[in-house]
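J.: Sequence:
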Amino acid sequence: MSTERTIQWAEYKKEGGLLLVAIIFSAAMLIYLWADFQEKQQEKLRLNQLHDELVFDIDQAVKDKTLLNEIGASFKKLKAQGFYGEEDRLALVETLTNTADSLKLPSFKYAISPQVQIQTVGLDFSTQLALMESVVSVEAELLHEGDFVQLGRNLSAFSEGAYLLKSCELTREKTLQLVEITKNVALSCSFAFYTVTQTSLSDEIEDDDIIDLEGG
Numbered sequence: 011m012s013t014e015r016t017i018q019w020a021e022y023k024k025e026g027g028l029l030l031v032a033i034i035f036s037a038a039m040l041i042y043l044w045a046d047f048q049e050k051q052q053e054k055l056r057l058n059q060l061h062d063e064l065v066f067d068i069d070q071a072v073k074d075k076t077l078l079n080e081i082g083a084s085f086k087k088l089k090a091q092g093f094y095g096e097e098d099r100l101a102l103v104e105t106l107t108n109t110a111d112s113l114k115l116p117s118f119k120y121a122i123s124p125q126v127q128i129q130t131v132g133l134d135f136s137t138q139l140a141l142m143e144s145v146v147s148v149e150a151e152l153l154h155e156g157d158f159v160q161l162g163r164n165l166s167a168f169s170e171g172a173y174l175l176k177s178c179e180l181t182r183e184k185t186l187q188l189v190e191i192t193k194n195v196a197l198s199c200s201f202a203f204y205t206v207t208q209t210s211l212s213d214e215i216e217d218d219d220i221i222d223l224e225g226g
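In this note's numbering, the protein residues as written are 11 to 226.
Read the hints as simulated data drawn from the structure, not as lab findings. Bear in mind the structure is a predicted one, so any value in this text is a computation, not a measurement. Check before you lean on any hint, since a few could be wrong.
Label pairs and their computed distance ranges (CB to CB) [what the hints assert, rightly or not]: (1) N58 x K176: 55 to 63 Å; (2) A202 x S117: 16 to 24 Å; (3) G156 x Q127: 30 to 38 Å.
Backbone N, C-alpha and C define an ideal beta-carbon position, used for all residues, glycine too.
Please build the complete structure, drawing on both the sequences and the hints.
T.: In structure tokens, the structure reads:
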């Protein structure tokens, strides 16, 4: 009997040992699989984050390109209107005289001051550029207020976004004349026109730093 019990105990012990090994192996496999799963999850999160960053960078690049295109278009438009470069005073004179002729104004006088540099333009304004101002003083006899509106439209077309009305006074005559061409409204206004040019400092800097106001 003792021999049989010894054999059975040995078999139980052997089976118990195999079971323990199986349990340890299974636990090890579970730990390995769990660690592998966690690693794959981390890699997935990293790839998703990288994907989101790439999408953001692409969107930002598209926005930057769109912004640059808009800035380029605005620059070309302002340059074509004479905002960058030397002032086209002859074209300004022609705009004023053509307006007076087309409106058949009884009297139209103007004076254009010499250009002066505006010193207080802010810290962000490049020291290589100079903001120049010309003031046009106009005294005229108008048939009606609509003539002043047309004058403003013509000046805006000449220099859109680069001029402002500094002061203006309209005085209506007490008695309106509708039969003959005569003064019904007196006008006295000052308009400021602006251009941007390179300063004398541009001659002292390297060629790579020169801001091209004339090139395409």
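J.: Would you mind marking each hint as holding or not holding in the structure?
T.: Evaluation of the provided hints:
1. Checking the proposed 55 to 63 Å range against N58 and K176 shows it holds: the Cβ atoms sit about 58 Å from each other.
2. For A202 and S117, the Cβ-Cβ distance of about 23 Å falls inside the hinted range of 16 to 24 Å, so the restraint holds.
3. The beta-carbon spacing between G156 and Q127, approximately 36 Å, falls within the hinted interval of 30 to 38 Å.
Checked against the numbered hints above, the structure breaks none of them.
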